[in-house]
Amino acid sequence: MLSIFQFLIVQSSYGPVYYTFFVKYLISPCSPFSDIVFFGENLPKRYFTLMAMDFPRCDLLIIVGTSLQVQLYAALVGSVSNSCPRLLINLEQAGGADPVLGMIGIGGGMDFDSEKAYRDVAHISTCDDGCLALIDLLGCKADLEEMVKREHEQISSKAKEEQDNQSSGAAGKAGSGKAKVE
Numbered sequence: 001m002l003s004i005f006q007f008l009i010v011q012s013s014y015g016p017v018y019y020t021f022f023v024k025y026l027i028s029p030c031s032p033f034s035d036i037v038f039f040g041e042n043l044p045k046r047y048f049t050l051m052a053m054d055f056p057r058c059d060l061l062i063i064v065g066t067s068l069q070v071q072l073y074a075a076l077v078g079s080v081s082n083s084c085p086r087l088l089i090n091l092e093q094a095g096g097a098d099p100v101l102g103m104i105g106i107g108g109g110m111d112f113d114s115e116k117a118y119r120d121v122a123h124i125s126t127c128d129d130g131c132l133a134l135i136d137l138l139g140c141k142a143d144l145e146e147m148v149k150r151e152h153e154q155i156s157s158k159a160k161e162e163q164d165n166q167s168s169g170a171a172g173k174a175g176s177g178k179a180k181v182e
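When we follow full-length UniProt numbering, the leftmost residue of the sequence shown carries the number 1, and every step to the right adds one.
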């Protein structure tokens, strides 16, 4: 079943609106986040290469469903330009500035409430509800609903086909047995 969380819309000055499945983070086709890196392991070199290429070009950073507690990922919110709006969709506010990290140059925390706040917005909700609200505001809700409908039809069709195959296979086995005549 396709969830709303899997549907993400990205509007970029580099192209039209893109519809894609939400994987983990959408940054570039060669996303540095596509491989699993376990705690204590080194990040791949391409993580740093793509981070340096992608984040300065970012027009809008959408952060979905994270506490922003694990470094270096948490520091990514500070890697976009100072004019880039940042939207957090999460059950609670996250990513506030850490003064200690700021002193060593890993700052860039989000500012939702101060008088100086100008680009950070938190939508406090589940990921599905927040993404649906964003999609609705962008005027793409009908497209999402159509995509979900098509996906559900495909899933139902596949399930019915598999069920029919299992039923015909079971019937074939039952009918192929020979009765023992004595």
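Don't read these hints as lab results, they were simulated from the structure. Note that this is a predicted model, so its numbers are computed, not measured. Mixed in with the good hints there might be a few duds.
To be verified - Dumping the calculated DMTMM-like pairs for lysine to aspartate or glutamate here, alpha-carbon to alpha-carbon at most 20 Å: (1) 149 / 161; (2) 141 / 129; (3) 149 / 128; (4) 160 / 143; (5) 45 / 59; (6) 149 / 136; (7) 141 / 153; (8) 141 / 164; (9) 141 / 128.
As the list claims (entries may be wrong) - Computed Cβ-Cβ distance ranges for the label pairs, DEER-style: (10) 52 / 168: 48 to 58 Å; (11) 139 / 114: 54 to 64 Å; (12) 43 / 167: 34 to 44 Å.
Just so you know, even glycine gets a beta-carbon here, dropped at the ideal spot from N, CA and C.
Practice item. Check each numbered hint from earlier against the structure, then list the numbers of those it violates in ascending order. Key: Result: hints 4, 5, 8, 11, 12 break, sorted rising.
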